[in-house]
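Novice: Please model the complete structure; the sequences and the hints are all you need to start from.
As you go down the protein sequences, you meet chains A and B in turn.
Residue 1 is where the first sequence starts when you use this note's numbering, and the numbers rise one by one after that.
Residue 1 is where the second sequence starts when you use this note's numbering, and the numbers rise one by one after that.
Honestly, the hints are just simulated from the structure, not real lab data.
The structure displayed is predicted, hence computed values, not measured ones.
Glycine residues also receive a C-beta, built at the ideal position from the N, C-alpha and C atoms.
Now the in silico label distances, taken between C-beta atoms and shown as ranges:
1. 106/A <-> 72/B: 27 to 35 Å
2. 243/B <-> 18/A: 46 to 54 Å
3. 139/A <-> 98/B: 38 to 46 Å
4. 91/A <-> 114/B: 39 to 47 Å
5. 18/A <-> 90/B: 14 to 22 Å
6. 84/B <-> 108/A: 29 to 37 Å
7. 139/A <-> 61/B: 49 to 57 Å
8. 10/B <-> 40/A: 47 to 55 Å
9. 14/A <-> 10/B: 54 to 62 Å
10. 90/B <-> 5/A: 37 to 45 Å
11. 84/B <-> 91/A: 18 to 26 Å
12. 203/A <-> 72/B: 49 to 57 Å
13. 153/B <-> 67/A: 24 to 32 Å
14. 18/A <-> 15/B: 55 to 63 Å
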Amino acid sequence: MRGVTVRLEDVAKHYSTTRAVDGLTLTIPSGTITTLLGPSGCGKTTTLKLIAGLEEPTRGKILFNDKDVTKLPPEKRNIGMVFQDLALFPHMTVFDNVAFGLRVRRVPETEIKSRVKNMLELVNLDPDLYSSRKPSQLSGGQQQRVALARALVIEPDILLLDEPFAHLDFKIKQRLLLELRRIQRRLQITTVYVTHDQNEAMAISDKVVIMNNGRVIQEGPPDQVYENPANTFVATFYGDSNLIEGSALGINGLVAIRPEKIMLNPEGRADIVYDGIVEDVIFQGPVLRLEVRVNGFTLKLIHTRTNGSMPRPGDRVRVGWRLSDMKVLRE
Amino acid sequence: MSKLHLAALPLILFLLAFFYVPLAVLAYYSIVEEDGSYGLSNYLELLQDPAYLRVILYSIVIAGQTTIATLLLSLPAAYYIAVHSRGLEKAALLVAMITPFWIDFLLRALAIKNLMYLLDIREGYTSMMAGMIYDYLPYMFLPVYASLAGIRGSLLQAARILGATPIHVATKIILPLALPGIVAGSILVFLMSMTEYVIPALLGGTQGFTVGTLIYYLFLSGDKWGQGSALTLIITLSLLIATIIISRRRTTS
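Specialist: Structure follows, in structure tokens:
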């Protein structure tokens with residue numbers, strides 16, 4: 001059965017002293033990658049464990065395609081999960097790790113052989129080369145592929161990933177993110193990806209759920225949430241923002257503007273223009289990160305270099321933006 | 001070469017003086033025959049006399065039972081403490097496991113004797129086994145606990161999510177990972193209980209005639225130093241060879 005929609009209805013998980021998840025209502029659409037994004041302690045990993053059945057909610061209901069699974073033990077939920085520490089079985093070979101879920105299901109050994117082989121190929125791990133190795137003989141990225149293969153080979157209805165790439169180098173992480181998305185698209189499996197890294201969330205998600213203090217703060221497609229942050233938490237945690245007191249612009253409330261929306265020397269393209277002095281310049285290859293002192297506050301801006309010119313600290317510049325790029329926040 | 005080998009010298013000298021030189025003396029006594037000439041008749045007498053062989057066999061059975069009993073007691077407790085308890089509970093349970101062994105083992109053997117008397121159980125098999133198990137428990141518990149302490153909770157959760165029942169988790173994850181500790185603990189307990197003297201002598205009564213008490217008898221009551229030496233060497237050498245074989249197996253597999 002593919003295409004499982006996961007729904008959480010007013011789910012709470014209270015521990016003796018903390019409320020890890022506190023009244024969570026959430027839909028994870030079938031066949032999508034949905035990312036739970038938030039700072040550590042926001043309840044995202046607990047939410048994942050509740051979906052997996054490793055934790056039982058204090059209150060509320062968990063539904064897979066309208067079927068109530070709240071009381072179902074983990075081994076009966078047909079879920080694939082990749083843990084933060086991967087949790088590969090250290091005493092088993094790569095083959096035995098991947099075959100584990102099939103063996104406990106009493107799948108015939110000949111079928112296990114072909115399914116494990118196919119799955120290792122799907123995650124780009126040469127079965128002939130790696131089948132008989134132990135996890136300790138693999139690199140971090142290869143261990144990651146084994147963990148993914150082990151989770152997927154049982155043909156789960158739902159794939160859960162708990163910060164799986166947190167310990168990897170930037171480049172390997174980028175490649176594995178792309179591969180994960182390719183595999184997910186091919187298998188059309190409902191996937192929940194937990195991370196505290198906004199870049200991972202933006203790169204991989206069909207839907208982003210931003211969490212804080214055990215609650216959902218905002219959800220939606222990654223670009224829409226980025227363009228329309230609902231409050232200061234989203235505006236500053238999910239991408240960066242300049243927060244400006246509206247009174248300085250004659251607006252009630254707090255105004256957020258993304259650094260890349262602020263133009264350097266806009267010359268007529270902007271609705272609002274200020275004179276400022278460059279305080280700091282960080283060179284980042286294709287872009288420059290600038291801090292510009294304007295009217296008593298500092299603006300962060302990202303400037304794409306189109307010619308060789310490079311502002312220096314102390315330079316007098318003009319900065320400006322369009323009114324439509326400003327977002328007035330709820331609080 | 002560094003001069004670090006000097007650091008090991010005091011211990012080597014100590015063991016030479018109190019173990020290896022006496023062992024060599026034993027080896028010498030074992031080949032001196034009753035008439036003062038040299039030969040192997042002490043060994044031949046031992047190995048041809050069914051009474052001696054029966055004592056050796058009985059000691060193997062007692063040591064085996066002690067090993068199995070300490071393992072069956074240690075494994076579930078070590079598993080619970082290592083994997084499922086944490087914080088203060090874990091610390092308290094560990095201390096509780098080890099505290100009894102701060103008391104001298106001779107005193108504990110005498111205490112067991114008196115406790116058994118209260119239950120109206122005299123010296124014999126039951127008292128002796130109670131004493132053996134009590135005495136050798138930490139030598140099994142600690143290695144088994146150490147091997148289980150490395151198991152992360154996520155391994156067990158991963159197995160459950162993959163569809164494993166609790167029995168699968170126990171047989172395919174926990175036992176294989178605990179195996180090095182089980183083997184180390186079993187070797188330790190078997191070897192030490194095989195040659196145990198005090199517990200069978202104090203608590204065994206008529207059932208206490210093991211290799212340990214037999215060697216004592218040959219030397220101090222029977223005045224048969226030649227046979228006592230031969231028996232000591234046979235037991236020491238066969239245990240040494242068995243240990244080498246088992247640890248070779250472990251490292252090559």
